[in-house]
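Q: Chains as they are written, first to last, in this note's numbering: chain A, 10 to 124; chain B, 355 to 469.
Stretch-level coverage of chain B by chain A, calculated; a stretch enters the list once three of its residues show a Cβ under 8 Å from a Cβ in chain A:
hint: 1; segment: 385 to 394
hint: 2; segment: 398 to 408
hint: 3; segment: 440 to 448
hint: 4; segment: 458 to 467
Straight-line Cα separation of at most 30 Å, BS3-like style, residue types lysine-lysine; simulated pairs:
hint: 5; chain 1: B; residue 1: LYS456; chain 2: B; residue 2: LYS422
hint: 6; chain 1: B; residue 1: LYS422; chain 2: B; residue 2: LYS412
hint: 7; chain 1: B; residue 1: LYS423; chain 2: B; residue 2: LYS403
hint: 8; chain 1: B; residue 1: LYS412; chain 2: B; residue 2: LYS432
hint: 9; chain 1: B; residue 1: LYS456; chain 2: B; residue 2: LYS432
hint: 10; chain 1: B; residue 1: LYS396; chain 2: B; residue 2: LYS456
hint: 11; chain 1: B; residue 1: LYS396; chain 2: B; residue 2: LYS412
hint: 12; chain 1: A; residue 1: LYS89; chain 2: B; residue 2: LYS396
hint: 13; chain 1: B; residue 1: LYS456; chain 2: A; residue 2: LYS89
hint: 14; chain 1: B; residue 1: LYS456; chain 2: B; residue 2: LYS412
hint: 15; chain 1: A; residue 1: LYS88; chain 2: B; residue 2: LYS396
hint: 16; chain 1: A; residue 1: LYS88; chain 2: B; residue 2: LYS456
Label pairs and their computed distance ranges (CB to CB):
hint: 17; chain 1: A; residue 1: GLY52; chain 2: B; residue 2: ILE414; range: 16 to 24 Å
hint: 18; chain 1: A; residue 1: GLN79; chain 2: B; residue 2: HIS436; range: 40 to 48 Å
hint: 19; chain 1: A; residue 1: GLN111; chain 2: B; residue 2: HIS393; range: 18 to 26 Å
hint: 20; chain 1: B; residue 1: SER368; chain 2: A; residue 2: SER38; range: 45 to 53 Å
hint: 21; chain 1: B; residue 1: SER384; chain 2: A; residue 2: ASN39; range: 22 to 30 Å
hint: 22; chain 1: A; residue 1: PRO78; chain 2: B; residue 2: LYS396; range: 23 to 31 Å
hint: 23; chain 1: A; residue 1: PRO23; chain 2: B; residue 2: LEU374; range: 41 to 49 Å
hint: 24; chain 1: A; residue 1: GLN82; chain 2: B; residue 2: LYS396; range: 21 to 29 Å
hint: 25; chain 1: A; residue 1: GLU68; chain 2: B; residue 2: SER380; range: 18 to 26 Å
hint: 26; chain 1: A; residue 1: PRO70; chain 2: B; residue 2: ALA408; range: 41 to 49 Å
hint: 27; chain 1: A; residue 1: GLU31; chain 2: B; residue 2: ILE414; range: 22 to 30 Å
hint: 28; chain 1: B; residue 1: SER366; chain 2: A; residue 2: PRO70; range: 32 to 40 Å
By construction, these hints were calculated from the structure, which means they are not laboratory data. Don't be surprised by glycine CBs; every beta carbon is placed ideally from N, CA and C.
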Amino acid sequence: SQTIHQWPATLVQPVGSPLSLECTVEGTSNPNLYWYRQAAGRGLQLLFYSIGIDQISSEVPQNLSASRPQDRQFILSSKKLLLSDSGFYLCAWSTLRQIQAQGYTFGSGTRLTVV
Amino acid sequence: AQSVTQLDSHVSVSEGTPVLLRCNYSSSYSPSLFWYVQHPNKGLQLLLKYTSAATLVKGINGFEAEFKKSETSFHLTKPSAHMSDAAEYFCVVSDRGGTASKLTFGTGTRLQVTL
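Produce the entire structure from the sequences given, and follow the hints as far as they go.
A: Below you can see the structure in the form of structure tokens.
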């Protein structure tokens, strides 16, 4: 069966420090991968999506970047965090074939607080 | 382009009374529609989905949703609310275009259940 792992669950980082959040998927190959951010009191904002290794699309200009060094690994990074980067970050996966029938499968999320 | 509107940002019901969370969508194609539930600091869990089969869809935990094309609606209902239903609910429509096939999320409805 397919599973998705996201870590860490919580993170408190000072302004200006770097960031690395990792997401891995098991039990499927060549998935579409997604990073979402959920700010307090707001809906989900799509940050990045990837249809394959080293194929990343950015949805909004921001202080963050994403990389996909392996088929089932998706990393969200920042060189210098801003206060506005605080939020709840969610990784998700799907396949082109399954998305209409099953939507996405989400990770458990990372609560990032920038202080 | 796809879009989804959740008409209420916050709904409060008493335990044992019916739940109605409203959602309207806009789609150029025959859409796939989903409802997701998110408990505090958790990832999103698929509650139910409509994928052009039966218009009345049954999901987990006693929730149902009815697809009404003439009204472009996909409202979520439950006959009797339970305290454990308190969470945030997202209505979602699929994007059938492109290789990434992204989902478009509503802004969410926070369901409060009181004694």
